[in-house]
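A.B. asks: Listed below, chain by chain, are the residues.
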Amino acid sequence: MSVQPHAERVGGSASRSERIARITESARRIRKNALDMGEVQGQGYIAQALGVADILAVAYTDRLRYRAEDPEWEGRDRFLLSIGHYAIALYAALAEAGILDVAELETYGADESRLPMSGMASYTPGMEISGGSLGHGLTVAVGMALGLRHRGNGARVYNLLSDGELDEGSTWEAALAASHHELGNLTAIVDVNHLQADGPTDGVLRTEPVVDKWRAFGWHAVRVDGNDVDALISAFDELDEAAGPSVLVCDTRVGRGVPFLEQREKAHFMRVEEHEWQLARDYVEGTRV
Amino acid sequence: MATGARLRRRDTGMTATGATGRKRLTTSAMIASFADPGQRTTPAPFGHALNRLAEQRPEIVGLSADLAKYTDMHIFRDVHPERFFQMGMAEQSMLGAAAGMAEVGLTPFASTYCVFASRRAYDFFCLDIAEPGLNVNVVGGLPGLTTGYGPSHQATEDMAILRGMPGLTIVDPCDSVDIEQAVPQLADTPGPTYLRLLRGKVPTVLDEYDYRFELGKAAELRTGRDVLLISTGLMTMRALTAAQELGKHHVDAAVLHVPTVKPLDTERIVAEAATDRLVVTLENHSVVGGLAESVASSLAFAGQCARIVPIALPDEFLAAGALPTLHDRYGLSSDGVVRRVLAEMK
Numbered sequence: 001m002s003v004q005p006h007a008e009r010v011g012g013s014a015s016r017s018e019r020i021a022r023i024t025e026s027a028r029r030i031r032k033n034a035l036d037m038g039e040v041q042g043q044g045y046i047a048q049a050l051g052v053a054d055i056l057a058v059a060y061t062d063r064l065r066y067r068a069e070d071p072e073w074e075g076r077d078r079f080l081l082s083i084g085h086y087a088i089a090l091y092a093a094l095a096e097a098g099i100l101d102v103a104e105l106e107t108y109g110a111d112e113s114r115l116p117m118s119g120m121a122s123y124t125p126g127m128e129i130s131g132g133s134l135g136h137g138l139t140v141a142v143g144m145a146l147g148l149r150h151r152g153n154g155a156r157v158y159n160l161l162s163d164g165e166l167d168e169g170s171t172w173e174a175a176l177a178a179s180h181h182e183l184g185n186l187t188a189i190v191d192v193n194h195l196q197a198d199g200p201t202d203g204v205l206r207t208e209p210v211v212d213k214w215r216a217f218g219w220h221a222v223r224v225d226g227n228d229v230d231a232l233i234s235a236f237d238e239l240d241e242a243a244g245p246s247v248l249v250c251d252t253r254v255g256r257g258v259p260f261l262e263q264r265e266k267a268h269f270m271r272v273e274e275h276e277w278q279l280a281r282d283y284v285e286g287t288r289v
Numbered sequence: 001m002a003t004g005a006r007l008r009r010r011d012t013g014m015t016a017t018g019a020t021g022r023k024r025l026t027t028s029a030m031i032a033s034f035a036d037p038g039q040r041t042t043p044a045p046f047g048h049a050l051n052r053l054a055e056q057r058p059e060i061v062g063l064s065a066d067l068a069k070y071t072d073m074h075i076f077r078d079v080h081p082e083r084f085f086q087m088g089m090a091e092q093s094m095l096g097a098a099a100g101m102a103e104v105g106l107t108p109f110a111s112t113y114c115v116f117a118s119r120r121a122y123d124f125f126c127l128d129i130a131e132p133g134l135n136v137n138v139v140g141g142l143p144g145l146t147t148g149y150g151p152s153h154q155a156t157e158d159m160a161i162l163r164g165m166p167g168l169t170i171v172d173p174c175d176s177v178d179i180e181q182a183v184p185q186l187a188d189t190p191g192p193t194y195l196r197l198l199r200g201k202v203p204t205v206l207d208e209y210d211y212r213f214e215l216g217k218a219a220e221l222r223t224g225r226d227v228l229l230i231s232t233g234l235m236t237m238r239a240l241t242a243a244q245e246l247g248k249h250h251v252d253a254a255v256l257h258v259p260t261v262k263p264l265d266t267e268r269i270v271a272e273a274a275t276d277r278l279v280v281t282l283e284n285h286s287v288v289g290g291l292a293e294s295v296a297s298s299l300a301f302a303g304q305c306a307r308i309v310p311i312a313l314p315d316e317f318l319a320a321g322a323l324p325t326l327h328d329r330y331g332l333s334s335d336g337v338v339r340r341v342l343a344e345m346k
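So the sequences go chain by chain: A and B. Per the UniProt record's numbering, residue 1 is the first one in the first sequence, and the count goes up by one each step. Per the UniProt record's numbering, residue 1 is the first one in the second sequence, and the count goes up by one each step.
Honestly, the hints are just simulated from the structure, not real lab data. One should not assume that every hint holds.
Unchecked claim - Partial list, computed: chain B residues near chain A (C-beta under 7 Å):
(1) 84
(2) 87
(3) 90
(4) 92
(5) 127
(6) 132
(7) 166
(8) 168
(9) 271
(10) 274
(11) 276
(12) 324
(13) 328
Using N, Cα and C, we set each Cβ at its ideal position, and we do this for glycine too.
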């Protein structure tokens, strides 16, 4: 059975530039997958998906241990998507990882599809939890990390959450628990895109200084440009050394990779015109600059 | 005295009698005993039952939200410290974590008070545990009116809140026998469960009857021609005492014990209620959304008509005070049950 190699093992044999090139290419395919899905539905959280594509590319091609043909493999690292509406991005990444068939992506959001608009574990291989009710992911991640350690399973637990999710008190309950129980097998990834349902995070409920908060809760915290693959690699490598729980705070740009979406007025649910999907793909694929 | 002043403000009908010398009943502890004087009890039946189960099943783990000592979880913690996880006073985090543990193959028992499990942590119970159908067993202390601390700790509507949760099994045990026998069956049930825990020195009653706890099943503890008492939780104990007393009044009362409130043994209830006996439901819970309405809807859905006398807590925030006083005031005492049944039969 083929095992997706872990970064440390791959990183040892591949040069840094090869590693970056591989991840960058993967991120490009994830963006294209997401745009294809968005076009089928004529909507979707495409701006967030584009913003988080680089993080998912690093996770699925450089970090996570998994078996594409056996998504339930006990030894797999768990990647928990709290933010259920980012499902479009995770499906794109699961297809890139070989856990989903790329052809299945066109069923996104359709009746009877395994790929609902908001991520649910019971529907989709590789979807570890049903997100959507925000502030849950980290609590479940803490339990998984405790349970895996208790069972002597060396797998790691990753939880992708959003800066808006930092409003939820339960996130901080879980942060206390992770620190108290010294969960070195747990990594949180916070997508700081400065955007919530009602507007910019700063105006909805101020969460900065984010890094200071995590450190005060006893976490090893690193902040990087979440659209800089090189920086993400370094940050993940650093977090591996942490004895307790670690958090990667990632500043991302919504619509990243498609200039006219990056520049469009920020909105939680960004409108894309029918003719713009191909235009967006052209930018992502590099045929238009 | 502050307690007395507050009780007067709430117009409980109690008056301060210190000046006249009559001894006042006071709230001596958060967890007051509801055992009758001289009643046989068993210490910490839940904790000991969990320990026995844990010896056979290594995947059993325990969690508590800073209430191990008050939910008998400390019995398990002290014997299996490596399998006990203290989550702090954070019920949402505890139930999310219990879900995570079940996801990786463990069978958690997570304890807190009923009020916190049902009111505060509902979303986590519902979406992280029940929606994926995980085998997490939530254990809630202080069900219904088992503390004199007032609404903050009195879980008068926990079953009303939780009965709507798809796939959840709800058990309201009568005594130590029910609890000891329920624990392994809760662990054997694949989906989530909720146990309304009786803790500390728990009355031991059902060993005097030809009875075994069977999840999902009602059990007839005594037969009777005139009245059918359908009871759950500690009210079964009160129903049995009341039935004996009613005999002295030439009223022959049957007791049907319904320890599993969800899924309800509707078949048995509908069959038992298909007589001309007076049907009385008894529960340590609000009259809204608990056993009374479950029985009523079971009968109505089956096209069967019966007048039901609900003995339950009123649809109100209850007073603080001493437990015996409050049980009498709200009609949960055995004497109160007898009075109510006799009045309804006139």
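A.B. asks: The structure should be examined with respect to each hint, and the outcome stated for every one.
C.D. replies: Against the structure, the hints come out as follows:
no.: 1; hint: 84; in the structure: violated (11 Å)
no.: 2; hint: 87; in the structure: holds (6 Å)
no.: 3; hint: 90; in the structure: holds (4 Å)
no.: 4; hint: 92; in the structure: holds (4 Å)
no.: 5; hint: 127; in the structure: holds (5 Å)
no.: 6; hint: 132; in the structure: holds (6 Å)
no.: 7; hint: 166; in the structure: violated (13 Å)
no.: 8; hint: 168; in the structure: violated (16 Å)
no.: 9; hint: 271; in the structure: violated (36 Å)
no.: 10; hint: 274; in the structure: violated (40 Å)
no.: 11; hint: 276; in the structure: violated (48 Å)
no.: 12; hint: 324; in the structure: violated (37 Å)
no.: 13; hint: 328; in the structure: violated (40 Å)
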